[in-house]
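**Student:** As you go down the protein sequences, you meet chains A and B in turn.
Here the working numbering is used: the first residue of the first sequence is 4, the next is one more, and so on.
Here the working numbering is used: the first residue of the second sequence is 4, the next is one more, and so on.
Hints are not guaranteed to be accurate.
Intra- or inter-copy, both count: the list cannot distinguish identical chains.
The calculated DMTMM-like cross-link candidates involving lysine to aspartate or glutamate, where the alpha carbons are at most 20 Å apart (straight line), are [what the hints assert, rightly or not]: (1) K315 to D16; (2) K21 to D384; (3) K447 to E362; (4) K36 to D384; (5) K374 to E147; (6) K355 to E151; (7) K21 to D311; (8) K374 to E146; (9) K21 to E383.
Quick caveat, the hints were computed from the structure, so don't treat them as lab data.
Keep in mind it's a predicted model, so treat the numbers as computed, not measured.
Number of protein chains: 2
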Amino acid sequence: MTYIPHWLEKRYDLTPEKTAIQLKDRTKIPFSKLRQDSLEMAGKLNQIGISQNDHVALLSKNSYEMVTIIHAITYLQATVVLLNTRLTANELLYQYEDSESSFFLYQDDLEEKGTEIQKKHPDQMYSIQTIKQQQSKSFAIPEEMNLEDTFTIIYTSGTTGFPKGVQLTYGNHYWSAASSALNLGLYENDRWLAMLPLFHVSGLSILVRSLLYGMPVHLHESFNLEEAFREITEEGVTIASVVTIMLEQMVDQLGHRSIPDTLRCFLLGGGPAPKPLLEKCKSKDIPVFQSYGMTETASQIVTLSSQDALRKLGSAGKPLFPAQLRIQQEDEGSNRPHETGEIMVKGPMVTKGYYKREEANRKSFDQNWLKTGDLGYLDEDGYLYVVDRRKDLIISGGENVYPAEVESVLKEINEVQDAGVVGTEDDKWGQVPVAFVVGRENQKMDKDRIMEYAGTKLASYKVPKEIYFVDTLPRNASKKLLRSTLLEWTKGIHNHDES
Amino acid sequence: MTYIPHWLEKRYDLTPEKTAIQLKDRTKIPFSKLRQDSLEMAGKLNQIGISQNDHVALLSKNSYEMVTIIHAITYLQATVVLLNTRLTANELLYQYEDSESSFFLYQDDLEEKGTEIQKKHPDQMYSIQTIKQQQSKSFAIPEEMNLEDTFTIIYTSGTTGFPKGVQLTYGNHYWSAASSALNLGLYENDRWLAMLPLFHVSGLSILVRSLLYGMPVHLHESFNLEEAFREITEEGVTIASVVTIMLEQMVDQLGHRSIPDTLRCFLLGGGPAPKPLLEKCKSKDIPVFQSYGMTETASQIVTLSSQDALRKLGSAGKPLFPAQLRIQQEDEGSNRPHETGEIMVKGPMVTKGYYKREEANRKSFDQNWLKTGDLGYLDEDGYLYVVDRRKDLIISGGENVYPAEVESVLKEINEVQDAGVVGTEDDKWGQVPVAFVVGRENQKMDKDRIMEYAGTKLASYKVPKEIYFVDTLPRNASKKLLRSTLLEWTKGIHNHDES
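With the rest of the complex left out, here is chain A (with noise of 0.2 Å):
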């Protein structure tokens, strides 16, 4: 076991001086207040009862005190369960529950999205407003971490339609950011924008980042095209976590602007770029660095690097220095260059598991490595390209959709027989869900209700954007879902609503 120390207090003992947070209105928090304030908040987290090894959720969208409340969550030694604001009431009870939770967190304006679990557990919730009037309980600051212990668990779907919880372990987040530096190298006038959620790990990342280098985040509550160009021109941001649509954005608004040097890369994740927003950042010369990452490696663990970012356009790069990937054919070989298969990767800065899943921790592991069902190939250099994220996921707007918690939603309505989800091209989005649905015999379908009922139990962006009614769906002989022709069909759709 390895041991190191509390990493908040360690910077401040580095760096108290230095900025830790810069937010929105230009307000700079240096390290040592950082570390005074979430002092503070683990003395009223403590007071409400939360200490060692409790799992405690919180739902809130970016902003300094959700940062305080992560690194309060470290101070008491406990696990923080990290909440999509975007999901309904439903969706979180679901995860509240699954990962055992026993204190529900809120950012006050959320409080609606807390009344399913405000139903059943009533006692444990808290809003931050209500956490800050606390008195505050002393308690022991830890001197180390383990490196072995669950920092954070963020819940991913998958192909069975049940959301799991990643554990990630300080050890994870550790080699993650130590690893990123030796990737994109680590300036003294280093500043990271952060304008991802910090509840997905690619925002998340970047608080662990700037605890290990010493470097200012510049926060924002979300993504806004004017607050970024202002970050970066003015703010002397020099790097910048993005999803496509908000490098899309940044790239068609551009304008006579130009990126400052001082930007020196946009860490590119949240599935392939299209090629032509990457030749367009190449002929302007936006340092656009690719990146390959999910919830359960941390964030990034492919990255393609400055030297080949124009060379290998379109690849996603390398494994980072600690890291393996291997391309697992179907005949049981691997890493046959050009060749399609599952892309498998390895390394300390991969999840241990899914908390209390037995079963698809069975099947995702291969003695340590992650079988993490996208598909991709190598080129004869061994730099990887991703073809497709998990067969069946769309990615709307940076944010996964899995088909099988949609259609496992969709099922549940009276009316329904049988569901196919599949993601269609969407302008702004990227992608969007649609639903192909099969009425039950002699029952009448009404669109609306259909997804009235789905919004009551998915969050927005799952929600399919469109209903097809159909006679049946096209399965093969054992019964699966043939996506691929649901696929095709909503290209007929598309070119007869054309013509």
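With chain A's structure known, arrange chain B on it following the hints.
**Tutor:** The following block gives chain B in isolation, referenced to the frame of chain A:
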């Protein structure tokens, strides 16, 4: 257990064409060639019988071949025992046998150093030229390294007079290199000057950093003032590992020349630096980063960062991110500012222990804290000031001399009844050892004979530069030698000389 990809394979995969090693004659060797040559060397070493878990002693001055042998040994998953070229044949035999090595590889012009090993293990001797003439025997290239496997054994003495083999794992070296980057930053144009011996951890660690960072090492056989200037002013070296004597010579000889901005760090190890030197560097804008470390910590474990280099002149800084530091004070307390005590360190770069030295390991560790035996204090901001290396340690030109080891050799001489060794100041070497010797009754004593004998047993830097005959040595009630009194005697002699 944590596995990472084999580090040279990984670096080759990431940046095959980048320069790994630049030689004195400006030859640039890319990682692809370093890998190829190391693999070829591994095949030859395999041919002579080296295989997994073997201990392989290596005696060589810095050279490209030495680098390939070190990497070749990692390919064979053996352990390299790095021998100091300044040791005598007897000292080498001791380390060879104590480390349970079964191969002795030596640079051809160091053959005479192997005479004692030759006598006892004639079939285990291989000159590098002999090895190069071998056929290659194929072996499976390991894909991974287990961070808990031992990579190196390097000997260091102690208070007992018997050198002990410090085991350093791949993990120790990995954490050291990755943590150094978090402290010093990592720039695309970094190039590290290595003029310190690779058989010391201070030199060897540069090779590991090169692999993790994808960074060129400018490798020299030894320190040369003019070559150092040339590397810094013409070849773009950005970081140079130095000991005090090297830095002093450079500053003294700087003359009208200046150190260009490209050199961003002189990493200064090997004992506390004289304050006048640090002040001179400060006045000339020479970026000196003082550090504290030892073989047991896989090089620096405490380093003064750039922000603090000027503000905390004379301090060795703060422990690297994953490392911890404590000052153990005599009354069982610790860490009171400005109060001197024993320096204790902990972290994933600290050795798991001395090879086959259970008792020394019990004495040297306190729940994973290494008791360094060195003395220091923290200031009010927690910065380390090293007061004195291990009470009796003499540092001569960057090499450690342990008085107990020298005394034990002197006492082997028939005519010598007792001996005490201390260090005196020396303009060239910083310190040199001198001996006080008590003769046996009625035995004639001869300075030259004593020195000659010591010279056959001890590396020349350990041989006392002066021998003083005395009637008795100052010892306390429990017969412990009072070195402080000997030190006063040396000052008396010195004053007497001048008067």
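**Student:** Could you tell me which of the numbered hints above are not met by this structure, giving the numbers in increasing order?
**Tutor:** Violated hint: only 3; rest satisfied.
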